[in-house]
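The letter at position 60 of the sequence shown is residue 60 when you use full-length UniProt numbering, and the numbering goes up by one with no holes.
FYI, nobody ran anything at the bench for these hints, they're computed from the structure.
Since we're looking at a predicted model, the values are computed, not measured.
Note that CB positions come from ideal geometry on N, CA and C, so glycine has one too.
Hints may contain errors.
[Said to hold, decoys possible] Using 30 Å as the maximum straight-line C-alpha spacing, the simulated DSBU-like pairs for lysine-lysine come out as follows: (1) 13 to 61; (2) 349 to 431; (3) 61 to 266; (4) 15 to 61; (5) 249 to 349; (6) 349 to 280; (7) 280 to 431.
[What the hints assert, rightly or not] Here are the in silico distance ranges between beta carbons for each label pair: (8) 325 to 132: 30 to 38 Å; (9) 85 to 157: 32 to 40 Å; (10) 13 to 413: 35 to 43 Å; (11) 332 to 101: 34 to 42 Å; (12) 249 to 155: 52 to 60 Å; (13) 262 to 339: 21 to 29 Å; (14) 328 to 31: 22 to 30 Å.
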Amino acid sequence: MKDAFKNCSVFRKQKDVADFLASQNAPGEFERLERWLAVPPQYTVLRVNTLRTTISDAKEKLRAYVDKCARSNGSYVVLEHPQLDDTLIVVSPKVPVSFAPCRRQLIVGLECGEAVLRGANVYIPGVLAAPGGLREGDMVAVYADVDQKCTRGLKRWYTGEKMFVGNGRAMVSRDEIFKNNVNSGIAVEVTQPIQQCPPLNRIHPEIMTLQNLPSVVCAKVLDPQPGQTVLDMCSAPGGKTTHLATLMKNTGTVIALDKAGARLEKTREKCELWNLTCVKCVVHDGTLPFSTNPDLADGPQTFDRILIDAPCSALGQRPRLQYRLNLRQVQSYPCVQRALLRAACELLKDDGYIVYSTCSINPAENEMVVSWAVNNLPLELVEQTPHLGSVGLRCEGLTDHQRKLLQRFDGAQEGDDFNVDTIGFFIAKFKKHIVQKEFVL
1 MKDAFKNCSV
11 FRKQKDVADF
21 LASQNAPGEF
31 ERLERWLAVP
41 PQYTVLRVNT
51 LRTTISDAKE
61 KLRAYVDKCA
71 RSNGSYVVLE
81 HPQLDDTLIV
91 VSPKVPVSFA
101 PCRRQLIVGL
111 ECGEAVLRGA
121 NVYIPGVLAA
131 PGGLREGDMV
141 AVYADVDQKC
151 TRGLKRWYTG
161 EKMFVGNGRA
171 MVSRDEIFKN
181 NVNSGIAVEV
191 TQPIQQCPPL
201 NRIHPEIMTL
211 QNLPSVVCAK
221 VLDPQPGQTV
231 LDMCSAPGGK
241 TTHLATLMKN
251 TGTVIALDKA
261 GARLEKTREK
271 CELWNLTCVK
281 CVVHDGTLPF
291 STNPDLADGP
301 QTFDRILIDA
311 PCSALGQRPR
321 LQYRLNLRQV
331 QSYPCVQRAL
341 LRAACELLKD
351 DGYIVYSTCS
361 INPAENEMVV
371 SWAVNNLPLE
381 LVEQTPHLGS
391 VGLRCEGLTD
401 HQRKLLQRFD
411 GAQEGDDFNV
421 DTIGFFIAKF
431 KKHIVQKEFV
441 L
């Protein structure tokens with residue numbers, strides 16, 4: 001399976017980012033990370049709405065679905081996570097690619113190609129090029145446009161750099177893709193993916209949702225209690241928000257913020273689907289004072305728990321066929337992340353808890369931000385439960401004891417199970433001191 005990705009160079013067009021990451025890691029570690037980021041995880045994780053169903057009932061529904069999946073020969077395994085009592089794991093078979101690409105090619109964008117590698121079918125908005133005369137039912141080879149130079153609507157053979165991600169059956173004609181202004185629906189049902197993840201989008205959406213394993217861990221580590229007042233500072237698209245509300249048994253209050261109204265609407269829709277009435281969604285930039293927003297009456301020291309799933313460089317997302325941000329963009333995030341932590345500290349009650357997380361493996365967004373926080377804010381690092389990842393990297397300003405309290409997912413742990421073969425991620429948990437310090441940026 002990994003042979004299909006052996007020539008992938010995630011940072012081929014962002015050498016400055018590659019050099020920066022290499023400088024932040026031990027010799028040889030960057031090369032390992034780049035290989036790891038190119039390969040899709042073998043495991044698919046779903047979190048169950050335990051307010052509506054039991055984990056065992058959800059497991060049976062999921063097993064029945066994957067057994068009937070067009071890609072399945074009964075070879076998918078469904079497991080309950082041994083340490084996360086609301087989480088199911090689908091184990092994909094390790095099957096060598098024994099088929100050749102179909103004769104006719106269909107080109108998709110990078111994000112679409114990466115989604116196919118995680119089990120998705122090809123949706124119409126992701127299609128860049130399709131052969132002339134393509135009809136419903138035709139078989140095509142799906143390629144991701146690694147070069148990002150394919151012109152939308154191209155009919156002729158695309159000669160730019162591309163990666164084969166699987167074969168599939170066209171569900172619509174070429175005209176329906178490009179001429180009828182259709183912007184939703186499945187364009188290609190992927191029947192022979194090179195990575196055997198099942199297509200699970202929208203399976204029983206009222207009782208289970210796709211979520212990367214470290215994201216599930218975040219809410220568990222924050223451990224919100226029924227009746228508490230909790231803030232999710234960067235909530236969209238809502239996976240962690242719904243988890244917080246579910247853990248609180250839909251009691252108390254969860255304030256869900258996001259500065260992008262369109263993205264926050266996804267959080268609101270998920271809460272409605274799961275019938276979570278304790279969540280209040282507010283369009284707001286978490287780095288700004290609540291006093292600037294008439295929809296936020298809460299002031300300093302209001303919240304028992306705060307989750308900061310911070311905006312980040314997404315340098316942990318897998319698979320990556322091509323990283324898209326430049327070095328200036330990557331280096332812009334720590335400033336925002338520190339501002340969010342400072343704002344959260346003001347809003348948190350004494351002895352309250354903050355969980356800070358990113359989907360990045362970049363130490364400048366992780367350990368270095370944590371080092372700044374514990375040395376400039378009234379915050380101390382505390383133990384995380386559960387702790388399924390590895391410990392933090394060595395960093396100036398952090399003791400060995402402190403970095404062992406951090407949780408890092410970067411594929412460096414021993415083994416090849418679902419706690420290791422996941423996306424890159426980082427989690428820190430803080431407790432607020434009663435004795436205040438002066439804090440700075």
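- prompt: Which hint numbers doesn't this structure obey?
  reply: 1, 4, 9 and 10
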